[in-house]
Amino acid sequence: MRLYYLTFKKGHAVSDLLTWTNLRKLLSIKDINKRNYYINMRIKKNLSSRALEKEIKNNAFERLSLADKENIKLISDKNEVLTIKDTLKDPVLITINEDLDNVSEEKLAKIIRKELEIFLLELGCGYTYAGKEVRMGESYCDLLFFNYEFNCFVVIELKTRKIKKEDIGQLEYYINYVDENMKKESFNPTIGVLVAKEGNYLVMKYCTNKNIYKITYKIINEKKLLV
1 MRLYYLTFKK GHAVSDLLTW TNLRKLLSIK DINKRNYYIN MRIKKNLSSR
51 ALEKEIKNNA FERLSLADKE NIKLISDKNE VLTIKDTLKD PVLITINEDL
101 DNVSEEKLAK IIRKELEIFL LELGCGYTYA GKEVRMGESY CDLLFFNYEF
151 NCFVVIELKT RKIKKEDIGQ LEYYINYVDE NMKKESFNPT IGVLVAKEGN
201 YLVMKYCTNK NIYKITYKII NEKKLLV
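With my numbering, letter number 120 in the sequence shown gets 120, and the count goes up by one each step, no holes.
A portion of the hints provided could be inaccurate.
The calculated lysine-lysine pairs, modelled on DSBU-like cross-linking and capped at a C-alpha distance of 30 angstroms, are [unchecked claim]:
1) Lys-159 to Lys-114
2) Lys-218 to Lys-184
3) Lys-85 to Lys-44
4) Lys-184 to Lys-162
5) Lys-25 to Lys-44
6) Lys-210 to Lys-183
7) Lys-57 to Lys-197
Cβ pair distances, simulated, as ranges [stated by the list, open to error]:
8) Glu-185 to Asn-46: 27 to 33 angstroms
9) Lys-57 to Met-182: 17 to 23 angstroms
10) Asn-33 to Lys-205: 25 to 31 angstroms
11) Gly-137 to Arg-113: 19 to 25 angstroms
12) Arg-135 to Ile-29: 44 to 50 angstroms
13) Met-204 to Asn-33: 21 to 27 angstroms
14) Thr-208 to Arg-50: 39 to 45 angstroms
15) Lys-205 to Met-182: 27 to 33 angstroms
Treat the hints as calculated values from the structure; they're not laboratory data. As the structure is a computational prediction, the values presented were derived from the model and not from experiment. All C-beta atoms, glycine included, are put in the ideal place defined by N, C-alpha and C.
Let's have the full structure, built from the sequences with the hints guiding it.
And the structure:
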């Protein structure tokens, strides 16, 4: 009980949003930043106890694309908004029921669409599916989402290889197209996310568009065996 009172200071509304099952699981986590992260995610995503356990088992905290994981504070209530970087995990886990040695972009996109609910959970909170292979001028983006937490469109491009500099240009084209032809004035600027088999430090270092992010993916089968 002492840990409970240290974690949830008097008057803190967060504890009222958690079940006793949640509390027992979360308070068993010794690392305070890790514990706060899962508490925040439980509240923001309204996760079931089973979904929360899956997030912990899949090491969601360890896979965060945060430059600094220190000093993660508890959100004060369910209406507090996280940043896009708080929701992106690297790598994102894609669950399938078969082993694939070499996955084409078309096959990968098909798997992701099939596992859309899980994929959205992996990406983070607030994502709504908006379409696949959406035509944008003479090209088609792989996946399009709208995120109601950030009030913006999110373009997803899948690459079954290492990221190349040309991928940034392609994603910028889609972002600009959405901003000019689909975005409403009340929306925030469109965000682009490259989901690739392997990242590229130099390409991302010299990417000047702050609305472009990258995450890698790992494929696991139902027995949790990494391919």
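Do the hints match the structure? See the list:
no. : hint                                   : result
1   : Lys-159 to Lys-114                     : holds (17 angstroms)
2   : Lys-218 to Lys-184                     : violated (34 angstroms)
3   : Lys-85 to Lys-44                       : holds (15 angstroms)
4   : Lys-184 to Lys-162                     : violated (34 angstroms)
5   : Lys-25 to Lys-44                       : holds (17 angstroms)
6   : Lys-210 to Lys-183                     : holds (18 angstroms)
7   : Lys-57 to Lys-197                      : holds (22 angstroms)
8   : Glu-185 to Asn-46: 27 to 33 angstroms  : holds (30 angstroms)
9   : Lys-57 to Met-182: 17 to 23 angstroms  : violated (37 angstroms)
10  : Asn-33 to Lys-205: 25 to 31 angstroms  : holds (26 angstroms)
11  : Gly-137 to Arg-113: 19 to 25 angstroms : holds (22 angstroms)
12  : Arg-135 to Ile-29: 44 to 50 angstroms  : holds (45 angstroms)
13  : Met-204 to Asn-33: 21 to 27 angstroms  : holds (24 angstroms)
14  : Thr-208 to Arg-50: 39 to 45 angstroms  : holds (42 angstroms)
15  : Lys-205 to Met-182: 27 to 33 angstroms : holds (30 angstroms)
Hints 2, 4 and 9, counting from the list given before, are not met by this structure.
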